[in-house]
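Spelled out, the chains give:
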Amino acid sequence: MKIAKRKKSKNILKYQQKGKRFSIFCLLPSFSGVMLFFVIPFIVVIYYSMIDNPINHEFVFFENFISVFNNEAFRLAASNTLKFSGIAVPLAVSLALLLAMMLNSKIPFRSHFRTFFLSPMMVPIASVVLIWQVLFHYNGLANDMLGVFGVHKIDWFKSDYAQIVVVILFLWKNLGYNMILFMAALSSIPKEILEVAEMESAKPWQIFWYIKIRYLSATILFVTIMSLINSFKVFREIFLLTGARPFSSVYMLQHYMNNMFERLDYQRLSAAAIMMSLAMVFIIGIMFLTENYFGRDVEG
Amino acid sequence: MEISLEKWQKMVKRKAARRRHVTLAKIMLATTVAVFFAVLFLMPTFLTITNSFMSQSEISANYGQVFQTTDTGGKVFISERVNLKFIPDIVSFSQYNTVLLRSPDYLVKFWNSVILVVPIVVFQLTLATLAAFGFTRYQGRIKELIFFFYIILMLMPYQVTLVPNFLVSDWLNLLDTRWAIWLPGIVSPFAVFLLTKYMRKIPIAYMEAAQIDGAGEWQLFMRIALPLCKGAIGSVAILVFIDYWNMVEQPLILISDSMYHPLSVFLSKIKEAEIGLAFAVATIYMVPPILVFLYGEDYLVEGITYQGGIKG
Numbered sequence: 001m002k003i004a005k006r007k008k009s010k011n012i013l014k015y016q017q018k019g020k021r022f023s024i025f026c027l028l029p030s031f032s033g034v035m036l037f038f039v040i041p042f043i044v045v046i047y048y049s050m051i052d053n054p055i056n057h058e059f060v061f062f063e064n065f066i067s068v069f070n071n072e073a074f075r076l077a078a079s080n081t082l083k084f085s086g087i088a089v090p091l092a093v094s095l096a097l098l099l100a101m102m103l104n105s106k107i108p109f110r111s112h113f114r115t116f117f118l119s120p121m122m123v124p125i126a127s128v129v130l131i132w133q134v135l136f137h138y139n140g141l142a143n144d145m146l147g148v149f150g151v152h153k154i155d156w157f158k159s160d161y162a163q164i165v166v167v168i169l170f171l172w173k174n175l176g177y178n179m180i181l182f183m184a185a186l187s188s189i190p191k192e193i194l195e196v197a198e199m200e201s202a203k204p205w206q207i208f209w210y211i212k213i214r215y216l217s218a219t220i221l222f223v224t225i226m227s228l229i230n231s232f233k234v235f236r237e238i239f240l241l242t243g244a245r246p247f248s249s250v251y252m253l254q255h256y257m258n259n260m261f262e263r264l265d266y267q268r269l270s271a272a273a274i275m276m277s278l279a280m281v282f283i284i285g286i287m288f289l290t291e292n293y294f295g296r297d298v299e300g
Numbered sequence: 001m002e003i004s005l006e007k008w009q010k011m012v013k014r015k016a017a018r019r020r021h022v023t024l025a026k027i028m029l030a031t032t033v034a035v036f037f038a039v040l041f042l043m044p045t046f047l048t049i050t051n052s053f054m055s056q057s058e059i060s061a062n063y064g065q066v067f068q069t070t071d072t073g074g075k076v077f078i079s080e081r082v083n084l085k086f087i088p089d090i091v092s093f094s095q096y097n098t099v100l101l102r103s104p105d106y107l108v109k110f111w112n113s114v115i116l117v118v119p120i121v122v123f124q125l126t127l128a129t130l131a132a133f134g135f136t137r138y139q140g141r142i143k144e145l146i147f148f149f150y151i152i153l154m155l156m157p158y159q160v161t162l163v164p165n166f167l168v169s170d171w172l173n174l175l176d177t178r179w180a181i182w183l184p185g186i187v188s189p190f191a192v193f194l195l196t197k198y199m200r201k202i203p204i205a206y207m208e209a210a211q212i213d214g215a216g217e218w219q220l221f222m223r224i225a226l227p228l229c230k231g232a233i234g235s236v237a238i239l240v241f242i243d244y245w246n247m248v249e250q251p252l253i254l255i256s257d258s259m260y261h262p263l264s265v266f267l268s269k270i271k272e273a274e275i276g277l278a279f280a281v282a283t284i285y286m287v288p289p290i291l292v293f294l295y296g297e298d299y300l301v302e303g304i305t306y307q308g309g310i311k312g
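First to last, the protein sequences are chains A and B. Residue numbering for the first sequence is 1 to 300, as defined by the working numbering. Residue numbering for the second sequence is 1 to 312, as defined by the working numbering.
Think of the hints as simulated: they come from the structure by calculation, not from any bench. Keep in mind that a hint or two might mislead.
Stated by the list, open to error - Among chain A residues calculated to face chain B with C-beta under 7 Å, some are:
no. : residue
1   : P29
2   : V45
3   : K106
4   : P124
5   : I180
6   : A184
7   : F261
8   : M276
For every residue, glycine included, the Cβ atom is placed at its ideal position computed from N, Cα and C.
Looking at chain A on its own, in the form it has when it is part of the complex (with noise of 0.2 Å):
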């Protein structure tokens, strides 16, 4: 009796045993490629971020980081980065919430409206900067419909109005995404919540700002993040409309890192990517800390 159990229960281990090692296997192949491709070479990226040239191997520690952050460049990239972050962010949420809102009250053709909303995530950048383009020229349409109020004609592309344009296309391409999340959000509160707080003669904006806000905390953070993270993908709009050498107002980071890939300056380069992955780190931290702290005391 005894000795069946034993033998039993080693067989579940030896059960499981088999079951982790099957589990390790299908994690492999995923796991090496983003060792190969990700973790070793940026190992040789702090390596190479402290020394002085690939001939020499001399290390200098933070001499790179301390050259780059004096760079004039660098430093215009920085600022307008951050510049065009401060902007677009804080707009693609609010705006996210009040569609989400919308089409969570009781209007007609609410699906046909989350489909045209969500339409420009899909439509590629690269198909509408020419309307973007025809849209905004010196003689375009912008300047005509502002012609109208009497406001002179803009130079949008070659003038620092050009970070406007750029925003009006991050928040065109973004909001839709942005939005289906307040959604999932929005449709997740608890109904008899709100119902008794109407009952309970609650004003509109009292339901908003003590119940809806509250319930939404996670998800606005959430959102906060990834516009911020895709505010930092907006090279590639900018790319396409005004080519690798913008107007200066906005010359983002990418765009030093490109020149730094160009000229084949991987001191630099490192130095650079290091210091953007560290601020990451940071912004991630402070989602996780916060996602932690606000979650508490709704998800119970």
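Given the coordinates of chain A, work out where chain B should sit on it, guided by the hints.
Coordinates of chain B only, in the frame set by chain A:
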């Protein structure tokens, strides 16, 4: 103060009527705003498509100056109007005729896009379903740590990940070949993350029941995990497809030979001489994602919803 029943009923009725009034006004306002946004959202796509039916001479008459180039390569403007046309004067297929039948150059670029994107979607999903199964079964501390690492990697912008990709491609002599884009795309952690999240929601009892019936791990994967994840795999496939169909940065940096560039990069370089075709090319380029969208919008929405709450 005493209120008679009659009076009270009247008050309630009036209040209800007022509320109906307010909600009706609200809905009308919301609908107006929604229509306004819908027009803004649809206009660029719509205009691109309608303009693709203009004849080439009409295009260059209306927009010629937008795409005029000087010797320095910069775009210049002349003080003339740019006539934005919503509907072409005469519907003509001359743009399509040229693109599809007379200059195979564009079709080659289109083919480049297809051949870059399809293998990435197929193989990224294959690797990812396997890896997701690995992350789901026998979770432990080390696996959790690796999974967390995948999340961070997924959130990194291209600016950061392109540098390591470039280095590896350089070491392996893959630069200027399609492999430089295929391989990093295939091992990208995005699909792994989403599928793992989905697979972990499958009740463990399903797996255990199958195990008791004598199913091995491979059968658990093929007969339980895969069929239950079909919808999720579809959603993720759509998201991955859009992402790579839209790609610009990777080919720009990893492939210097413009022969292999996808249509997206090529579209940005269209010059005055080709402006008569540009809209047709742009329209052709957006046909595949739009078809995918029309067919799989619900999958797409579900996929996005799953992305929400990265940790959940």
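Do the hints match the structure? See the list:
1. P29: 5 Å, holds
2. V45: With Cβ-Cβ at 6 Å, under 7 Å, it holds.
3. K106: Because about 6 Å separates A:K106 from the closest Cβ in chain B, which is inside the 7 Å limit, the hint holds.
4. P124: 5 Å, holds
5. I180: 5 Å, holds
6. A184: 4 Å, holds
7. F261: 5 Å, holds
8. M276: Since chain B brings a Cβ to about 5 Å from A:M276, closer than 7 Å, the hint holds.
Of the hints listed earlier, there is not a single one the structure fails to meet.
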